[in-house]
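**Q** Residue numbers (our numbering): 1 to 731.
These are computed hints drawn from the structure, not numbers from a lab.
No experiment lies behind these values; they were computed from the predicted model shown.
Treat the hints with care, as some may be off.
Said to hold, decoys possible - Straight-line C-alpha distance at most 25 angstroms; calculated DSS-like pairs for lysine-lysine: (1) K96 / K57; (2) K682 / K627; (3) K96 / K69; (4) K96 / K127; (5) K579 / K682; (6) K57 / K127; (7) K696 / K682; (8) K69 / K57.
To be verified - Here are the computed distance ranges between Cβ atoms for each label pair: (9) V90 / T37: 39 to 47 angstroms; (10) G655 / S699: 54 to 62 angstroms; (11) A708 / N649: 18 to 26 angstroms; (12) E704 / D660: 24 to 32 angstroms; (13) K61 / S588: 38 to 46 angstroms; (14) D616 / H496: 26 to 34 angstroms; (15) L469 / F62: 46 to 54 angstroms; (16) H84 / T495: 48 to 56 angstroms; (17) K696 / N649: 17 to 25 angstroms; (18) T99 / F62: 25 to 33 angstroms; (19) L469 / D616: 55 to 63 angstroms; (20) D585 / Q646: 42 to 50 angstroms; (21) I465 / Q676: 30 to 38 angstroms.
All C-beta atoms in this analysis are idealised placements derived from N, C-alpha and C, irrespective of residue type, glycine included.
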Amino acid sequence: MAASTATTPAATTSSSTATAVKLPSNRTSSGARRRRTRCRKCEACVRTECGECHFCKDMKKFGGPGRMKQSCIMRQCIAPVLPHTAVCVVCGEAGKEDTLDDEDEKFNAMLMECSICNEIVHPNCLKVKDAAGVVNDELPNCWECPKCNYAGKTGKQKRGPGFKYASNLPGSLLREQKAGRDGREEGDQTSTGASSIKRKSEREETPRLKSEDLPSRLPPLLSPSGLPRPRSEVPNFLRKKRKLFDDDDEEEEASAKKKPKKSWRPEEALIPKLSHMKTEEEEDNSDEEEESDASQCSSPRAGPSSEGSETQEKAPRARAKRHRRKPPNRQLSTELSKQLNMEIRRTEHSLANENQQPLKSEPEDSENEEPKRGGEGGGERPHLRAREMNGTSWELRHFYPPQITPLGLNRSSPTVRPIPARSPPKCVQMERHVIRPPPICPPPDRLPLADGRNHIAPREAWLAIFSHLSHRELCVCMRVCRTWNRWCCDKRLWTHINLKRCKSITPLMLSGIIRRQPITLDLSWTNISKKQLSWLINRLQGLRVLLLSGCSWVAVSALCTSSCPLLRTLDLQWVEGLKDPQMRDLLSLPTDNRPGQMDTRSKLRNVTDLRLAGLDITDSSLRLIIKNMPLLSHLDLSYCNHINDQSVNLLTAAGTTTRDSLTDVNLSVCNRVTDQSLSYFKRCGSICHIDLRFCKQVSRQACERFIAEMSVIVPFQLQEDKLLQKLHSTP
DNA sequence: CCAAACGTCTGT
DNA sequence: ACAGACGTTTGG
Numbered sequence: 001m002a003a004s005t006a007t008t009p010a011a012t013t014s015s016s017t018a019t020a021v022k023l024p025s026n027r028t029s030s031g032a033r034r035r036r037t038r039c040r041k042c043e044a045c046v047r048t049e050c051g052e053c054h055f056c057k058d059m060k061k062f063g064g065p066g067r068m069k070q071s072c073i074m075r076q077c078i079a080p081v082l083p084h085t086a087v088c089v090v091c092g093e094a095g096k097e098d099t100l101d102d103e104d105e106k107f108n109a110m111l112m113e114c115s116i117c118n119e120i121v122h123p124n125c126l127k128v129k130d131a132a133g134v135v136n137d138e139l140p141n142c143w144e145c146p147k148c149n150y151a152g153k154t155g156k157q158k159r160g161p162g163f164k165y166a167s168n169l170p171g172s173l174l175r176e177q178k179a180g181r182d183g184r185e186e187g188d189q190t191s192t193g194a195s196s197i198k199r200k201s202e203r204e205e206t207p208r209l210k211s212e213d214l215p216s217r218l219p220p221l222l223s224p225s226g227l228p229r230p231r232s233e234v235p236n237f238l239r240k241k242r243k244l245f246d247d248d249d250e251e252e253e254a255s256a257k258k259k260p261k262k263s264w265r266p267e268e269a270l271i272p273k274l275s276h277m278k279t280e281e282e283e284d285n286s287d288e289e290e291e292s293d294a295s296q297c298s299s300p301r302a303g304p305s306s307e308g309s310e311t312q313e314k315a316p317r318a319r320a321k322r323h324r325r326k327p328p329n330r331q332l333s334t335e336l337s338k339q340l341n342m343e344i345r346r347t348e349h350s351l352a353n354e355n356q357q358p359l360k361s362e363p364e365d366s367e368n369e370e371p372k373r374g375g376e377g378g379g380e381r382p383h384l385r386a387r388e389m390n391g392t393s394w395e396l397r398h399f400y401p402p403q404i405t406p407l408g409l410n411r412s413s414p415t416v417r418p419i420p421a422r423s424p425p426k427c428v429q430m431e432r433h434v435i436r437p438p439p440i441c442p443p444p445d446r447l448p449l450a451d452g453r454n455h456i457a458p459r460e461a462w463l464a465i466f467s468h469l470s471h472r473e474l475c476v477c478m479r480v481c482r483t484w485n486r487w488c489c490d491k492r493l494w495t496h497i498n499l500k501r502c503k504s505i506t507p508l509m510l511s512g513i514i515r516r517q518p519i520t521l522d523l524s525w526t527n528i529s530k531k532q533l534s535w536l537i538n539r540l541q542g543l544r545v546l547l548l549s550g551c552s553w554v555a556v557s558a559l560c561t562s563s564c565p566l567l568r569t570l571d572l573q574w575v576e577g578l579k580d581p582q583m584r585d586l587l588s589l590p591t592d593n594r595p596g597q598m599d600t601r602s603k604l605r606n607v608t609d610l611r612l613a614g615l616d617i618t619d620s621s622l623r624l625i626i627k628n629m630p631l632l633s634h635l636d637l638s639y640c641n642h643i644n645d646q647s648v649n650l651l652t653a654a655g656t657t658t659r660d661s662l663t664d665v666n667l668s669v670c671n672r673v674t675d676q677s678l679s680y681f682k683r684c685g686s687i688c689h690i691d692l693r694f695c696k697q698v699s700r701q702a703c704e705r706f707i708a709e710m711s712v713i714v715p716f717q718l719q720e721d722k723l724l725q726k727l728h729s730t731p
C-alpha cells in the first residue's frame with residue numbers, strides 16, 4: 001500500500017498528520033533537522049543491494065511490499081552528507097569550501113550542521129568565533145556549534161545528525177555509544193570551556209591482553225584423554241544463541257544490569273576484563289594530549305563505537321577552526337596518510353590479486369570526499385584530525401586492569417550531571433548499524449615538543465621502538481600524549497589481535513578490531529555471535545588468520561555468507577555443532593550476492609592451514625576440503641573420531657591437490673587410523689610432518705618402516721613416538 | 001515526476 | 001527496546 005508512497009502530493013498537505021508534523025518548513029531553524037543523503041562515494045554507497053537483508057526483501061524489486069522504504073543494509077552510507085539544498089542559516093548560502101585552499105578557511109566556509117540545535121551554518125558566519133565548536137568526526141559537516149557548546153547544551157537535543165545515523169536504527173550499535181556520549185556529554189560539556197574543538201572519540205576496544213597465545217595447533221593433545229577440554233571450556237554463551245550480539249553481552253551483564261546500570265560504560269559492565277576501557281579515558285586522554293597536532297582522524301569512522309563518543313566529547317577545545325592543526329603538520333599528515341594508504345593498498349592488493357578481491361579499507365577517504373561539494377568532505381577532515389584520541393581509550397580499556405585505567409579519567413570529570421545510566425552496550429543488529437571503515441590516520445611524523453619544535457626522532461623510529469612493546473605496554477604509551485597515542489595505534493603494531501577466551505565480544509571491541517585491521521584475529525573460545533563475526537569478516541578483508549576454535553557453529557556459520565578472500569589459516573577446532581552438513585555449507589560455493597563477491601570459487605579456496613581438531617566430520621567433509629582447498633598444506637584432524645585410513649587415502653589419492661600440497665597432517669588421537677595410513681602418506685610429495693601420536697592403531701614399527709622407505713627420497717625421523725618429521729624441511 | 005530512502009512515529 | 005510503517009525529502 002503505502003509502498004510507493006513517496007511522493008504523493010498529498011503528503012505535503014498531509015503534513016499535519018501526526019507523523020508529518022515534523023520538519024516541514026522550519027527545517028533550518030533550530031529544531032528542525034535537515035535530512036542527510038548518501039554520499040554516493042563510500043563503499044556502501046557504491047555497492048548494489050544485497051537482496052537479502054530485511055530492507056531489500058521489503059523492496060518491491062525483490063518481491064516485497066515496499067513498506068519499509070529503507071536502504072539496503074549493506075548500502076547504508078558511511079558518511080551521509082547534507083543535501084545540496086542545504087544553506088547557511090545566517091547568510092543563506094551553500095558551502096563554499098571548494099573555493100578555498102587553506103584548510104582552516106575551508107572549514108570556516110563549509111556548512112556545518114549542529115547536532116544539537118540542527119542549525120546549519122558557515123562557521124564564519126557565526127558571531128561567536130571564539131567559542132568552541134565541537135566537530136563530530138563521524139559525520140561530514142557535523143558539529144556541536146559554539147552556541148550550543150557554549151551554552152552547555154547537552155540536553156536531549158542532541159539528536160542531530162550524528163545521532164540519527166545509526167542511532168535511529170533499531171539495533172544500531174551506535175546506541176551504546178550514543179548512550180555513552182550522552183552520558184559524557186553532559187559531563188564534558190560543562191567542562192567544555194576549553195577552547196578547542198573536540199571530537200568525539202570513539203571507543204574501541206582492544207583485545208585484551210594477549211595473555212594467552214593460542215596454541216593454535218596445540219601440540220597435539222596434551223590430554224590424550226580423548227577430547228578434553230573442549231566443551232567444558234566453552235563458555236556458556238557459546239551455546240546460547242543470541243539473536244544479536246547483544247545478547248551476549250547482555251546476558252552476562254544482564255544479570256547484573258537489568259536495572260539501571262551503573263554508569264553506562266559498557267565495557268565495564270560487560271566485560272570484566274576489559275572493563276576499564278573506555279570512554280572517559282579516551283576523552284581524558286584526548287584532552288590531555290590534545291593539542292598538539294591533532295590532526296588526524298584516527299578514529300573517524302571506526303565502527304560503531306566511534307560515533308557514540310564523538311559527540312559527547314565536545315568539551316575540550318573550542319576553536320575548532322584554529323585548532324585544526326597547523327598547516328605543516330597537516331600536510332604531513334596528509335602525505336603520510338596517503339603513503340600509508342598506498343602501502344596498505346599495495347599490500348592488500350597484492351594479496352587480493354590472488355583472489356581478485358577488493359579490500360575495503362580505503363573507503364574512508366572517499367567517504368569524506370563528497371561528490372558534490374568536495375568542500376564538505378574536505379572540511380571535515382580538519383576536524384577529524386583534531387580528534388584522534390579515540391584510540392586511546394580503546395587500548396586502555398582492554399589492556400589495563402580496571403584499577404589502573406581509570407585513573408581519574410573516568411570519573412574525574414563528572415561534570416554536571418551524573419551519568420545517566422545507560423544500558424550496556426549492545427550490539428544488536430549490526431545490520432542496521434552504520435558501517436564505518438577503518439580509519440586511516442595519518443599520524444604526525446614528529447613529536448611536537450613543548451617549545452613548539454618537534455622532536456628529532458621521526459615517527460618511524462618511534463614505531464621501531466614501539467614494535468617491541470606488548471599491547472599492554474602500548475596502551476600505556478598511548479596515554480602519554482596525543483602523538484604517541486596515534487603512533488601506538490599503528491596498524492603494524494596490531495597485526496595480531498588476541499581475544500581468545502574473552503567471553504563477551506562487545507561492539508566496542510569490534511570497532512576496535514576493525515580500526516586496527518589485524519592480520520591475525522583470535523576469537524577462540526569466545527561467545528562471538530554470528531552477526532558479530534559476519535560484521536567483522538566483512539570489514540577485515542585483509543585477514544589472513546582467523547581462529548575460531550571453541551566457538552559455536554552458529555557463529556562460525558558467518559563464514560558461509562561472508563567472504564574472507566585472503567584467509568590462509570582457519571582454526572575451527574572444537575567448534576560446537578560443526579559436522580558434515582555444516583562443513584558442506586562452509587565449503588559450498590559463495591552465496592553472497594553482494595557485488596564483488598560473485599566469485600564462484602570457494603570462499604575458502606586460499607586456506608592453507610585448516611584446523612578441524614575435535615570435529616565429528618567424515619570423509620564427505622574431507623572430499624569437499626580436498627576439492628575446495630587446493631592450497632591446503634596444514635591439516636589438523638586430531639581428535640576426529642571419524643577419520644580413518646580411508647580418509648587418508650582420499651587426501652593422498654591421485655588427482656587430488658592435497659596429495660601434493662599437504663605438508664603437515666595431524667591425526668593424533670584419531671583412533672581409527674591404522675598403519676595403513678602411513679603407506680598412503682608415502683604418496684604425498686610434500687609431506688613433512690605427520691602426527692599420529694596417540695593413535696592406538698598405529699604402531700611404532702610402521703612408523704619406522706615409513707621412515708626407512710621414505711628416506712630413500714627424503715630423510716624422516718621419529719621426533720616423538722608416532723610423530724614423523726622430515727629432517728630437512730624443503731626450502 | 002519518480003525512485004529512493006531518511007527520520008519519526010506507532011504498536012507491541 | 002524493537003520492528004514496522006510511512007510521510008516527506010532528495011536527487012535526477
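**Q** Run every hint past the structure and note whether it holds.
**A** Going down the list of hints, with the structure as the test:
no. : hint                            : result
1   : K96 / K57                       : 40 angstroms, violated
2   : K682 / K627                     : 21 angstroms, holds
3   : K96 / K69                       : 33 angstroms, violated
4   : K96 / K127                      : 18 angstroms, holds
5   : K579 / K682                     : 28 angstroms, violated
6   : K57 / K127                      : 49 angstroms, violated
7   : K696 / K682                     : 20 angstroms, holds
8   : K69 / K57                       : 10 angstroms, holds
9   : V90 / T37: 39 to 47 angstroms   : 23 angstroms, violated
10  : G655 / S699: 54 to 62 angstroms : 29 angstroms, violated
11  : A708 / N649: 18 to 26 angstroms : 21 angstroms, holds
12  : E704 / D660: 24 to 32 angstroms : 25 angstroms, holds
13  : K61 / S588: 38 to 46 angstroms  : 26 angstroms, violated
14  : D616 / H496: 26 to 34 angstroms : 30 angstroms, holds
15  : L469 / F62: 46 to 54 angstroms  : 50 angstroms, holds
16  : H84 / T495: 48 to 56 angstroms  : 42 angstroms, violated
17  : K696 / N649: 17 to 25 angstroms : 19 angstroms, holds
18  : T99 / F62: 25 to 33 angstroms   : 43 angstroms, violated
19  : L469 / D616: 55 to 63 angstroms : 42 angstroms, violated
20  : D585 / Q646: 42 to 50 angstroms : 23 angstroms, violated
21  : I465 / Q676: 30 to 38 angstroms : 55 angstroms, violated
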